[in-house]
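First to last, the sequence lines map onto chains D, F, Y, W and X. Its first residue numbered 24, the first sequence is counted upward by one per residue in our numbering. Its first residue numbered 24, the second sequence is counted upward by one per residue in our numbering. Its first residue numbered 24, the third sequence is counted upward by one per residue in our numbering. Its first residue numbered 24, the fourth sequence is counted upward by one per residue in our numbering. Its first residue numbered 24, the fifth sequence is counted upward by one per residue in our numbering.
Calculated directly from the structure, the hints in this document are not laboratory data. Keep in mind that the hints are not guaranteed to be accurate.
Identical chains blur together in the list; that is why a pair holds if it fits in one copy or across any two.
[Unchecked claim] Here are the simulated BS3-like cross-link-like pairs (lysine-lysine), alpha carbons at most 25 Å apart as the crow flies:
1. LYS118 with LYS196
2. LYS382 with LYS234
3. LYS137 with LYS280
4. LYS118 with LYS137
5. LYS76 with LYS169
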Amino acid sequence: MNQKFRYIHFQGVFQVHEKYISVKSGYPPGVPIYIGKQEANNTTFSIIWYDDKNVQVLSHLDPDTIELHPDKKQITWIHVSGLRDIDQLNRFFSKLALHPLIIEDIFNTKGRAKIEDFNDSLFIVLEMVNSPEEEWYSQKINIIVKNGILISVSESGDPFSTIRERITHPNGKFRSNGIDYLMYSLVDLIVDSFFYALERIEESAETLEDKVLKNPNPEIVREIQSFRHDLITFRRQVWSLREVVMHLERSESVFLKDTTRVFMRDVYDHVIKITEDLDMHREMAEGIMEIYLSSISNRTNDIVRTLTVITVIFIPLTFITGIYGMNFTFLPGINDPDGHILIMSMMTFIASFMVILFKWKKWI
Amino acid sequence: MNQKFRYIHFQGVFQVHEKYISVKSGYPPGVPIYIGKQEANNTTFSIIWYDDKNVQVLSHLDPDTIELHPDKKQITWIHVSGLRDIDQLNRFFSKLALHPLIIEDIFNTKGRAKIEDFNDSLFIVLEMVNSPEEEWYSQKINIIVKNGILISVSESGDPFSTIRERITHPNGKFRSNGIDYLMYSLVDLIVDSFFYALERIEESAETLEDKVLKNPNPEIVREIQSFRHDLITFRRQVWSLREVVMHLERSESVFLKDTTRVFMRDVYDHVIKITEDLDMHREMAEGIMEIYLSSISNRTNDIVRTLTVITVIFIPLTFITGIYGMNFTFLPGINDPDGHILIMSMMTFIASFMVILFKWKKWI
Amino acid sequence: MNQKFRYIHFQGVFQVHEKYISVKSGYPPGVPIYIGKQEANNTTFSIIWYDDKNVQVLSHLDPDTIELHPDKKQITWIHVSGLRDIDQLNRFFSKLALHPLIIEDIFNTKGRAKIEDFNDSLFIVLEMVNSPEEEWYSQKINIIVKNGILISVSESGDPFSTIRERITHPNGKFRSNGIDYLMYSLVDLIVDSFFYALERIEESAETLEDKVLKNPNPEIVREIQSFRHDLITFRRQVWSLREVVMHLERSESVFLKDTTRVFMRDVYDHVIKITEDLDMHREMAEGIMEIYLSSISNRTNDIVRTLTVITVIFIPLTFITGIYGMNFTFLPGINDPDGHILIMSMMTFIASFMVILFKWKKWI
Amino acid sequence: MNQKFRYIHFQGVFQVHEKYISVKSGYPPGVPIYIGKQEANNTTFSIIWYDDKNVQVLSHLDPDTIELHPDKKQITWIHVSGLRDIDQLNRFFSKLALHPLIIEDIFNTKGRAKIEDFNDSLFIVLEMVNSPEEEWYSQKINIIVKNGILISVSESGDPFSTIRERITHPNGKFRSNGIDYLMYSLVDLIVDSFFYALERIEESAETLEDKVLKNPNPEIVREIQSFRHDLITFRRQVWSLREVVMHLERSESVFLKDTTRVFMRDVYDHVIKITEDLDMHREMAEGIMEIYLSSISNRTNDIVRTLTVITVIFIPLTFITGIYGMNFTFLPGINDPDGHILIMSMMTFIASFMVILFKWKKWI
Amino acid sequence: MNQKFRYIHFQGVFQVHEKYISVKSGYPPGVPIYIGKQEANNTTFSIIWYDDKNVQVLSHLDPDTIELHPDKKQITWIHVSGLRDIDQLNRFFSKLALHPLIIEDIFNTKGRAKIEDFNDSLFIVLEMVNSPEEEWYSQKINIIVKNGILISVSESGDPFSTIRERITHPNGKFRSNGIDYLMYSLVDLIVDSFFYALERIEESAETLEDKVLKNPNPEIVREIQSFRHDLITFRRQVWSLREVVMHLERSESVFLKDTTRVFMRDVYDHVIKITEDLDMHREMAEGIMEIYLSSISNRTNDIVRTLTVITVIFIPLTFITGIYGMNFTFLPGINDPDGHILIMSMMTFIASFMVILFKWKKWI
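In isolation and in its complexed conformation, chain D is listed as follows:
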């Protein structure tokens, strides 16, 4: 894969330069308008009910038929993928009586990671990076917990399939834990996805450092700048992720039991680790630029040294030939048949002296 293309592509992943105001401006706040990539994916709904005894999974169902006030003993997890069908989604969200700002944020795929703790509902927005097998992209994930129902919204695909699988295992931890453990599992998976991004950044950093040490060319400045772009963008994502997880771990939210809070602290430790690794890469990236600058200086030094050595050796010799090229009728030794041998010896001596001098100065 082409390195440079990669950077540019990567930048496209974490959307920085949202110009969403031009889209939104003129509308009052709280109106759901889709902001994001050109075309949203098709909307599909899947649902899973489970308690310690039973599990029931339904895919591709009609959201209008979903019963949102189920048996309180069961945990309901509805996953929504794709944001194209705004009307259908609006009907669905209105059944949940969500705050208008939540609905607005769900449709805006370019906001920051954040957490909102309304007293009756918890709303989490996070960026998720895809697994490394596929091409590189990221998507917004929304998690809403309200009335014992967890709704997760992804821009596309089914990023939480492994968790759904684990729930169906009869004696797994999900079955004996509450809805907060499900929420924790989703957040944990999202945080883990950032390690993939970190690995790619790390690879880029090492590639860059290698390049700059072995073969520094001006093109690399562009790559270093691109890499910085990526680091800055990624860091912003990580910092807002950190805020969300810290808030989850520290807050006295009713949506998190103490037994689950211990796990959330573990997730927070992972986020700290990501932050620290990222800071390390930033410091190294600064070092790469310095190495590049020093390598340019070194090469100029090399080139100038060559110029100097050759010039300084030949200039006095050329001067001597100039003397004997003068058209004076009399010049010492000019008519001596061995005159040229004498003068050539002198020149050889001068040249040798210069070479020895430069060797001593370690210039050659």
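Please build the complex by placing chains F, Y, W and X on the supplied structure of chain D, with the hints as guidance.
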């Protein structure tokens, strides 16, 4: 539009270097004196009363006839545009019994964004950027809330016309919410206006980065310095904006109901986003200077390499011609008819050797 | 006015490098010794009593006759100018029963700005810059509030004459406010004086930036370093000023009524503005050094380019002349009467080719 | 020992770039999987019981036979070395009823230092550096305190042998203090081990600084970058160590008595000292890069000066020889037998003048 | 005094690179071992009892005979100088029943400044710089306050002789104040001693700045790096000093009465001043390196300009001599007796043109 002119103009927008002391000094604090652009705009008053059932709008009215203690069930919003008629404005503000420092601040169009929570009145000062269609400028907006009346003061124009329009819609959110929702809407519109400034800054940053990567010339240093000026100035505005919004969101002010505070948190999120984008642009701007410096070094390197290659090839050759230019009566091969061919071959060989050496060193 | 002289002079204003230890060492703490400029100014006392009805002003009076326990309904403000007469001042301060450390600090004109809130007395030390009409200097101002008496001490002159004038106006704010409003007015005037310093710094910054962009010469490094000295020194003064004003605004001091605290908040806003402007100038000063460094690089680049262009054009030509300068009996075309025309054409062609090449490379 | 190899090796010690996600992903949290070096060491158990009267030590025992609810009056310290036998370890840990996350963390040898205070158990993870006699490496140490039992887990070897020895001394402090003093002693030994790392870093810093001052060559950039890598990595370890020790000192944990807390404060002082020394080395490392860059500039300056001196001396002389090399039939003095002497004197004069000029300019 | 030697010596003063672990390791914590310079000074004890009426001073007494539970009305101050006689000191300290960590710290002359507030005793460790008359060194001072006794321990000499003298004055402040005033006086003297160090640093900074502006040579890099070493080391000492004094001023320690706390605040102000001055010197030191780098660039620029001017003037001239040096049988004007005059005029014209061009470009 000329880029350089743009920067200079932009700097004029966010006024940094106020030399207002020379105007003010000698007057006691609390005396209203107009500080700002050469000439203030004409003063006009417009008023809107509304509750959940009725709306009444009056434009260009005489402020002396405004009834400031209206029916408590209605929300009164008075918008004042232009600060020229100081006497009239003073009469108007004195009817409201505002604190002398508020009145002083209203007439000073060059202060920082700030919020003052007197117990009976709330006073907000913010900078607002105009919409991108027109030429680029910014103006001070003052918002005062007291006794169920909201007074907004702008230096010129009618920046809140969209909000007035929305109020007139019969079933809009304004009609069912209090005066704090109106205040929030104004602040939201002002914060959104900063995204326009951010877009312009972003464009400038990209233009600069492109220029410096493609065609770095000394002129660009001036532009980078200008761009920094803009960033620093804009950041100051954003930081004081941030303080104001944070204070609004966090304070226990009686002027903000909890339902509206949720919206204010959303505005705060926007401000954070602006701050982060700005920080990103700052880091990139530092990178641009580094790229420029490295590009100068690179070009010097290129030039010196050319000089070295040509000099190092020709200096030994010229030395050889010098030898055979000497006027010795005897020089080896001097009288040989093919002597010059031999010597030219030797010179060709030396030149070829040098060229190969330089190719190997990747200097040519 | 000579710019360089100005910097050096300026540095003398905010005294940084106090070597006062060598003066103080050996004395126990709390002993009043004059530390400062070579010679202290003559000591003069002036007093003003006022309440809402009456004002009485006395100048150049004998401090030993001052009655320090006057009618409680009146505000007493004693201004002391000049610190030469230590004995007299000591007698005067001992009548007030001030803490020994206050008296020591009054005589030390080189300390930091600070505020001490003893329970029965408030002690403020601030640096004050003179107004811009005169030559540039700064002086220490001490303000002591105790038992309804305000004593202000200046090193020289009468910096508060405008306030004394305003007090004498019958219906001014002073007459209806307490001693805390008087204290606030003094602090406000001192803070305003810093804007003058800021204006001078701003001018210097602009001058430097202009110079470095138009005519960068090595001398400017010295000026930039001087300017930095000034900024650092000034920033220290501003930071200690900020601490004092912040303490005044935030503390629960009994010496400040709530109505006056609002004004003090306004003063604090001014100090913040000064701090921000100063930070901006610091960032710009860093930029100036970078611009200078890049301009040196650019000029080296320019010079080397000239050298290269001329050398690279003439070296091959000189080589050709060298060939035909060789003393071989036979050289192609040597005896051709038009030989020199052919060879000159060839040389013209080579030179033209080089010129075109350099034009294409944008080196000339 | 080869310096460069050392750096690279050192980097291997503090594992930064864990790509453990690819190992973990797919497993639910809380499942113990060994993450670390290719092969874990053999698992061995040793146990020591002691109180103020008796000590009993058992090595290489079968963990399945360990009685984990011993006489409450005795302190039980079990040291586990090597993590190969996962099943056996799992059986052992399950007897202690540890939290699943603790067990997971024990098997992950690449996590951050951390402390978890469950109400009934304390869990500490720290990195420990080996003593300087052997080859350089670091290992994870886990310390668990629960029900009057302290379990320490090391990746290999017996790092706490000195403490075990001291416990067996009849009147040592261990015998009269509780289990918290034992925990403190382990942490103290681990913190002390960081001084070894610090000494090695210090040596590297001094070696680098010497090199760069005496013989700066491009190779050193690589070494500086390596050194930075080490500093960054080490600092991360120190910072997480600091967090753990600070938490231990400040928390109101029931696992630490006040008498022991005083000792823990002493340990914290040591950690602060390590942090400060490290910060100092970082600042010095930045200085080294600057020195290197300035030394390149200096050397280029030296070389260019040599080039200039030689060229500027000989170019005018060569021009003069050129003049008298022209084939004009008449040139002044060309036929004078002493013409060449005159011209050579002139050339000597010019050369001497140039030399004196350069001496005066301090170029030679 | 040789500047360079001074730096190196200075570094020896504030001991940074303690390798004390190799000495301590293997011993349990709390065992007093002397860590420090090769040889400790002889131990001497002197004692002073005083109250408002009487003073009694005893020097060089036998510590075993000191009565440590004297008349409660008197203040007992024991000064111990020199740490050689460890046994005697141990006996003495054990009579006071000091915490083992205090005793350990007393014998470690390389630790950080710190303060420990045990409930019954206060322990302060500070670095003290000697007065400027003598050669430059620093030493550790320990101050212990317990049971109305103050013990001060210095590595050598009698740094507090001035205080002892002042105590003997019948009506001094010491006599009417308690033991906390004595402690304050010692700390004040130690803090004041840092101003001496600051003055030396300031001198070094000014010397360096002068050197770098007037005569920048590569040797100065080494000095700048040395100076930075000193600043970093000194700053560490100042920061730990600051922590101690801040703790003393802010804590609710029973060892400090409110009347003395006011004085302690004054000491804290001095420490802040030292910190600020130091920060200023650091910023200036960074500036010095920049100036040096810019001066190298400038000198390279100067040299290259000279090279260019000379080369560019003579290369075309030499080319013309080359043309007329060619051996063509016919060259225009070659046989004209005034040909050489014409050609020389042409060359003069070209040279003049070049000189004018360079003057215009301000290269000469």
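Results of checking the hints against the structure:
| no. | hint | result |
| --- | --- | --- |
| 1 | LYS118 with LYS196 | between (30 Å within a copy, 20 Å between copies) |
| 2 | LYS382 with LYS234 | between (31 Å within a copy, 20 Å between copies) |
| 3 | LYS137 with LYS280 | both (20 Å within a copy, 22 Å between copies) |
| 4 | LYS118 with LYS137 | within (23 Å within a copy, 41 Å between copies) |
| 5 | LYS76 with LYS169 | within (23 Å within a copy, 34 Å between copies) |
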